[in-house]
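Undergrad: Listed in order, the protein sequences are those of chains C and B. Add 65 to a position in the first sequence, counting from 1, and you land on the number used in the working numbering. Add 382 to a position in the second sequence, counting from 1, and you land on the number used in the working numbering.
Don't read these hints as lab results, they were simulated from the structure. Using N, Cα and C, we set each Cβ at its ideal position, and we do this for glycine too. Treat the hints loosely; a few may be bogus.
Listed below are the simulated EDC-like cross-link pairs for lysine to aspartate or glutamate, each with C-alpha atoms no more than 20 Å apart in a straight line [to be verified]:
1) C:K270 x C:D92
2) C:K270 x B:E411
3) C:K270 x B:D518
Short derived list, chain B residues pointing at chain C, Cβ under 7 Å [what the hints assert, rightly or not]:
4) T412
5) L413
6) A427
7) R434
8) L435
9) T439
10) S460
11) N465
12) T493
13) F495
14) G510
15) L514
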Amino acid sequence: MATRIRATTLQVAPAPTLVAPGTRSSDVTRDVCSPLERRPGRMWWIGLLIAGSALLVGVACVAYQIKVGIGTWGLDRTVGWGFDITNFVFWVGIGHAGTLISAVLLLFRQKWRTSINRSAEAMTIFAVICAGLFPVIHMGRPWLAYWVFPYPNGRGPLWVNFRSALLWDVFAIGTYFTISLLFWYIGLIPDLATVRDRARGWRRKLYGWLSLGWTGSARSWSRYEVACALLAALATPLVVSVHSVVSSDFATSVIPGWHANVFPPYFVIGAVFSGFGMVLTLMLVARKVMGYERYITQRHILAMCKVLVFTGSIVGLAYATELFVAWYSGSAYEQFTFANRMRGPLGWGYGIMVGCNVVVPQLLWLSRVRNSLLAVFVISLLVNVGMWFERYVIIVGSLERDFLPSSWSSYVPTPIEFGTLLGSFGLFFTLFLLFCRFLPMISMFEVKTVLAPEHGAEHSREGRA
Amino acid sequence: MTRRQLVGYFEEDSQVVHALRICRERGLETLDVVSPFPLHGIDEALGLRRTRLPWLTLIGGSVGLALGMALQYWSSASDWPLNVGGKPFNSFPAFVPVAFELTILGAGLCTVFGLLARTGLHPWRRVGPERLRTSDDRIALVVARRDASHDPRELRQVLFECGAVEVVEEELP
């Protein structure tokens, strides 16, 4: 009781609601299903046209690169990883927020996740698809990509090297993709049944097939909830392991600027930070284009802004730790690397990275900024830019200046690499737009559970204000 | 013999929980509750046993861990030992990440396929058209109706008094 009184007296403005007050279960069904049942609007077609064109550019660039060879990229003997691995780390990172929202927040029983978890999880899957493409095309001979798996072969059999962090990646990303896909699909089943029950003809058949004959009986629900909790409990350590393993690609090497103990937590928190930036970008667009203002409310956006400020501050702490350790190590190579990172040829990239990741999110402390949708949207875009540059600065900046000045070089990405990066964005947004069109974008059954118990509470809160 | 059952449709989950208790008190056999979202506190009322799915998760995880460790040890230290940077053939700490991922993979696959198998979910399963609104906003309480033991009108009355908006009699072959 005491806390309740304090909450009211301290409340200056009424707390924004989770779902617009007065929304009923049947409204949720209608609002979420109707975009699937009518022809897509003009905005959707324009979006698909742009995303599809970008995807085609990417396909053309990758086809050319596979035909001609890795020489079409700007890599050389010093800088062996450039845009490709930067994009890989960037996209894997984007995926992490989806798992955080769908799994970690489920375990913590955060109700605000219900409206956005489906699309955040979809974002995870599409981002991991984009990420997985880069190491494969980087191989140069992608038709031999299956060599990364330990299978009995006619070469001895010669097994894969389980001591290599690059092989750990294969297992980490493979497991992450599989578990995320299953978790997402299991979450979709009850909603697919709802779509099925509203549909007729071939659509009823299709969604009936996809929903696996779900009826919603008490016994299925009780098993279903336990299974979801178990999957969430499995996905939580998994998501931490994935970016830790990705960071080991760098941390287990000897290159100054890569060889750092702080990398696993630094990469994981950076991943969550960049992922939340992307969730915010997508949600702000989706709620406008799909008309979901009722379900993705100010409260969701505020919650995500808080996560962004929090993780952004930890990212800042990680940058400071790196600098401190470089100075404190007493190693001339370490000290040079960081001096070079700040003032060397890629100093401008370091400026973008610190500006976008550490300074800009701090603006969200101001209530004027975090209540302005436009400002939040711009900040979320800048976070994405900043986090891409973080990976670029770490990867390319450290490689360009290694131990021997005679082997120093300058990496300049070619148009093919820019086209491939553009193509990965095209792939991501094409998949996301198709998802918006063919699957329920908001988890209906979960939103319905936050309607019922909060119904009265929301009204009384309105009354007090 | 045909089984007969009465299905009461409700709009509020609290009414269903109440109706379930009343039915149980009167000695009626409640068969199922069908709802568009998970309801809490009805598992006990329906007499459902807690699922043993977590055990399957544990088994899947253990198998994944054992297979992961065995594969790495056997291929790196036994089948074709290869000197990589002077590291020991059985480099156990380096095997932890892959073993961990395979643990999660095994546990996750067992959980998902265990759920599908135990709940009987598969693409060819047919769902009748009679309870369409239970995936939208209605909650159905299914009560068995044994011939002659209960007056159907009384049963309907009970359900309506608990707040049912509709009561339908179903016949199952």
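Undergrad: Need the list of violated hint numbers for this structure, in ascending order.
TA: 1, 2, 4, 5, 6, 7, 10, 11, 13, 14
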